[in-house]
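Student: As a plain string of letters, each chain reads:
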Amino acid sequence: MAVKTLIEAIRDAMDEEMERDPSVFVIGEDVGVRGGVFLATDGLANKYGEDRVIDSPLAESSIVGVAIGAAANGMRPIAEIQFADFIGPAYNQIVQEAARFCYRSAGDFCLPMVIRAPWGGGVHGAIYHSQSIEATFGHVPGLKVVVPGTPADAKGLLKAAIRDPDPVLFLEHKRTYRLIRGEVPDGDHLVAIGTAEVRREGKDLSLIAYGLMLHYCLEAAEKLAGEGVSVEVLDLRSIKPMDDAAILKTTRKTGKVLIVHEDNQFGGIAGEVMAIIMESAFDALDAPVMRLCGPDVPAMPYNHVLEAAFMPSVDRIAEKARELAAY
Amino acid sequence: MAVKTLIEAIRDAMDEEMERDPSVFVIGEDVGVRGGVFLATDGLANKYGEDRVIDSPLAESSIVGVAIGAAANGMRPIAEIQFADFIGPAYNQIVQEAARFCYRSAGDFCLPMVIRAPWGGGVHGAIYHSQSIEATFGHVPGLKVVVPGTPADAKGLLKAAIRDPDPVLFLEHKRTYRLIRGEVPDGDHLVAIGTAEVRREGKDLSLIAYGLMLHYCLEAAEKLAGEGVSVEVLDLRSIKPMDDAAILKTTRKTGKVLIVHEDNQFGGIAGEVMAIIMESAFDALDAPVMRLCGPDVPAMPYNHVLEAAFMPSVDRIAEKARELAAY
Amino acid sequence: MATKTQELTQKGGQHRHRALGLSDEAALRIYEVMRLARAIDERMWLINRQGRAPFVISCQGQEAAQVGSAAALEPKKDWVVPYYRDAGVALWFGMTARDEMLQFLARKEDPNSAGRQMPRHYGSRERHILTTGSPVGAQLLHAAGIALASKMRGEDAVTATYFGEGSSSQGDAHEAMNFAAIHKLAVLFICENNGYAISVPQNHQMAIKDLADRAAGYGFPGVVVDGNDVLAVYEAAHEAVKRARRGEGPTLIEAKTYRITAHSSDDDDKRYRQAEEVALWREKEPIPRFAQYLRQARVLSEELDREISDRVNREVDDATDYAESAPDPSPDDLLKHVYAQESR
Amino acid sequence: MATKTQELTQKGGQHRHRALGLSDEAALRIYEVMRLARAIDERMWLINRQGRAPFVISCQGQEAAQVGSAAALEPKKDWVVPYYRDAGVALWFGMTARDEMLQFLARKEDPNSAGRQMPRHYGSRERHILTTGSPVGAQLLHAAGIALASKMRGEDAVTATYFGEGSSSQGDAHEAMNFAAIHKLAVLFICENNGYAISVPQNHQMAIKDLADRAAGYGFPGVVVDGNDVLAVYEAAHEAVKRARRGEGPTLIEAKTYRITAHSSDDDDKRYRQAEEVALWREKEPIPRFAQYLRQARVLSEELDREISDRVNREVDDATDYAESAPDPSPDDLLKHVYAQESR
Ligand SMILES: Cc1ncc(C[n+]2csc(CCOP(=O)(O)OP(=O)(O)O)c2C)c(N)n1
Ligand SMILES: Cc1ncc(C[n+]2csc(CCOP(=O)(O)OP(=O)(O)O)c2C)c(N)n1
Ligand SMILES: [Mg+2]
Ligand SMILES: [Mg+2]
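Chains as they are written, first to last, in our numbering: chain A, 1 to 327; chain B, 1001 to 1327; chain C, 2001 to 2344; chain D, 3001 to 3344.
One chain only, chain A, in its complex shape (with noise of 0.2 Å):
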């Protein structure tokens, strides 16, 4: 085991499975030479030649699209959207045809493929450098969705996805690529995709969170201790499949729970999650759930001001934790 980035991870497992299975290949803008606008693909165009590694015109319904042809035809493509952003273009080729494939052959024709996506806020990447889309592809029966928190999961999370035989949508949260450090397991790692993992054990109140979010609950929640609140802290992990029975049971192990978010707050993964509550645990709620979320703005702005005024904080975060442990 080793300390690494959680981009390292990414990396790594993108390497390893590119070294164990040579149907693998990456396809993206400037993944190749440049290794990626964020380094995820360093060195792979080096190792596995610019045929296993290509750089794709400027055009992602293509990047997807080709992905999709390729996968029926025995690949297993790994597309980079260079930014979450910019999935626009693709979302006929994600929705309509990759999470269809399975469903509408009956089973014949369904398609390993993952796409990767850097996400999230925090990095001054104004408007179109910085959005959420988890609810988005969250709402798409035939697609799986993952956000990887730590590194360790980031490189489990992506080799599962690598290997899993649909469509996976690997959402990367931007801000954690290099702030996030921690001990990566070497070699086959895998992580469940649909499993969700209890980061602090607590009893008083639960977060939900995922991404960047899950680090500042964290953070919330030492807070939170210090006062004498005991907080548990669930890292959802994978959007969907979601883990209903680990939402669950945190649920009626405290009584309470808060949901936090970056993306907008209405039709947020925030309100699936209280449905889900709401549906099976609603006879152990002391409180009503909360959810703390990017507010309902087109994006995130560029100056410095307003990109804080959108982000959650650890300490609007705390605060809002501190109305829910007193409800």
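Quick caveat, the hints were computed from the structure, so don't treat them as lab data.
Derived pair list, reagent style DMTMM-like, types lysine to aspartate or glutamate, alpha-carbon separation capped at 25 Å:
(1) C:Lys2270 / C:Glu2042
(2) A:Lys4 / D:Asp3266
(3) C:Lys2209 / D:Asp3213
(4) D:Lys3151 / B:Glu1016
(5) C:Lys2151 / A:Glu17
(6) C:Lys2336 / A:Asp244
(7) A:Lys249 / B:Asp1283
Rough simulated footprint, nothing fancy, chain A against chain B, three-plus residues with beta-carbon under 8 Å:
(8) 1096 to 1104
(9) 1138 to 1144
(10) 1278 to 1284
(11) 1297 to 1305
Glycine included, every Cβ here is placed at the ideal spot set by N, Cα and C.
Please arrange chains B, C and D with the ligands on chain A, whose structure you already have, making use of the hints.
Tutor: Below, chains B, C and D with the ligands alone, put in the same frame as chain A:
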């Protein structure tokens, strides 16, 4: 007042607005001489000429992208997407462009434009002519999303949408086009976007729905009335902005709420309605809020057995409502 | 600029098919598949008009473009990525009349989608027919992807994708042609230009006469063929396949043709087409034209033609009976195959 | 096939600008705007390197393509739909050095987005500059829509849209050119071909040499110009504008140029470009080249050049000072302008 079908009301709304305002025009596939595949624009090309009722090439991104440019330059386009299922190629233009223009220009370029899209199932339309898209687009700040359930609302909401200074996604349930008839006020009838409407008063429990499901809910309510259960039915009709006050009012009145929609359950609009209730009327609940939705399969199959298995029916709504009433 | 039909060799005179390397048997097989496609289609309309099936989408008039091009490919080795009219392609690649009727009636046994998709949305891994969706244009990129995979594995398989001229307006068509050109992929882009996208005539779809002219802007050849002349289509496809197998990249083939029926059973083409125009094209129909050629070439006798008619009719009758008595899916099939784990 | 620079009239010899209808003053104005664009850009890098601004995206090297084409338009009557490098276009259409620095530093007073967007995302209704987004390619369709609106109202305004050659790969580029061609819209599609989409060289983006060749596939002229020769760009744009105003439809102009800096302050171009290549292009830089021409034409004296330098430097200093002391937006600005009702 005359009795009209829902699609006649839509045609009237466009006709009257085009007559009133020379900046209003229609663009879409087959909207010209063909009058649209559902005949929503029947006669308009004849009356206003092919320059104001433009048969576009078969390319949804261009339909919306061109409408955006025209709206930015003083026009009021009505863009028709032939089936909601084919809005995918225009996703980027709608979400990243139309919905962000006003915000990203700090109010300088707000876009008065309407995107009409026939949606919904029960028409043997199979996977690609039956889909629901309200949750996907409802999640997008900067857009408005409305779903008329009656001919009067179809006219009033479409006229309001055309006059609205912002992009409005106007969803027309295909099954209701000719099935649903009703009185439609003549002339300048407007329905405010953002308001829900109680369609039936009741006191034991509330059904919340829109589109075709609204009518199924009304039928179910009638059934339950025969069994001595008094059911209130709220027609949401505006997905975004959503009429929180009306939702909370009916919740506080009955204490029991069931939300019904065709769209896939996970991440659907029902979850958001449940979240709104959870946040602001938790104390008023006599039972967990329930939902009855399309299952989480990619979309509605063609075979009639499978289609029926997908669609919430009057019987299944009634059954679920009984369960809620008995809670 | 695109190569035109007229410039293609029309050598062989009365025996063009032999000059193209097609045996008499091969020519007859092409003829019979065209006939079968047509007969199935006609039966579908009948069943639809009787109210026993909600929807038909037709191949009528486009059989030459479909079968002529598919015949230049090697089934099971090569791939086809069709669109919703391509009965001729699907039949050539191994779908049977029963399969056609099973999908038309949305039976559980339908090998394409087990009754989930609208008619004519083909798909079969075994037969190398990619699953077809409804959103047009998307499939061109899938074809590029299939060809990329073949190339990566060093196989010389060719992928042919089909689309209407209307679908060429989609951004995906552009992206697919560009991608295939950059990587010199073994793709045939086969446009069945029937002059309309539902009601929208070609001049509202593009400002050029020949779609094949687009190919030059990507750096590969574009060819215009008379899409109602099955041998001309075969010839163009055959050339393109050879090019592709040599690793020289894609070709765009524009087959000028006409859809004889309305767009679908939901359409009323009288709203946008003159009866005279349809009548004119009925004169140019590909099947009688090929029959006449085969008779002149003394490959098809009246007796043989009758034999073929009988065989085709029997096949269609059998298929209809079979499919009509085949079971529907059951309600719990609804939840299957959202993901791969669950086996078929 | 596209028209090439060499074929464009190079008449006028030492006084090409006059032959093109440009007065000495007009030529000098073009020169000064190019200088100003460059000077602002250089200052931005300085501020960024000092850690006082998180991001720069540069126009350096592409000033001739930008100013030369914008100069053929009529500001406030015509429209521009730029992309994120088009400082030269924005300045020609009325943005000031102060506006540039206000947006660069994301101040509340920024007329483009009030500090909401990344640098160089222009937009001003008053100046007829459409609001710029980051997703590339989308803007070509907006240009078609603006031109459609002009046409519907019977106005002879022209809309020029700008994009990199990388963005031409997007489906939207295809759809926009096709739509504009069908309706003979008054659009100039101006491609600043700098040979790279971030790190991806042209030969990985397309299999053709000249992007302008695509135009033929839509049915309108494509022109290749030396994008570092501001007069050549002006000439091509001027011709295209005349065509457009006559109602003859769009033109695609491919200006071959080079980006002298890295893609942005986040990029390291040494990973994908040879130093020799950059050095070679530095030799061909548009500003010294135009300066030399103007000197030879005796339009620009050393004294005048110094005067211009001083003016430009003063403007940049003033703009920097002004913007640095201008206030940030306040947190509650965050929620404004999601919808139109709230006034600016
Ligand atoms: C993306 C998308 N938009 C709209 C439709 C609806 N639609 C189905 S077929 C068709 C016309 C297709 O025309 P063309 O590509 O020329 O094929 P043809 O039907 O003429 O063979 C349209 C608009 C669709 N299937 N997909
Ligand atoms: C849809 C989309 N995908 C990806 C990006 C990320 N991106 C920003 S600029 C760029 C390269 C653009 O290249 P080109 O169009 O040639 O313009 P240049 O920067 O060379 O002037 C990329 C990939 C984007 N902005 N939009
Ligand atoms: Mg057609
Ligand atoms: Mg470039």
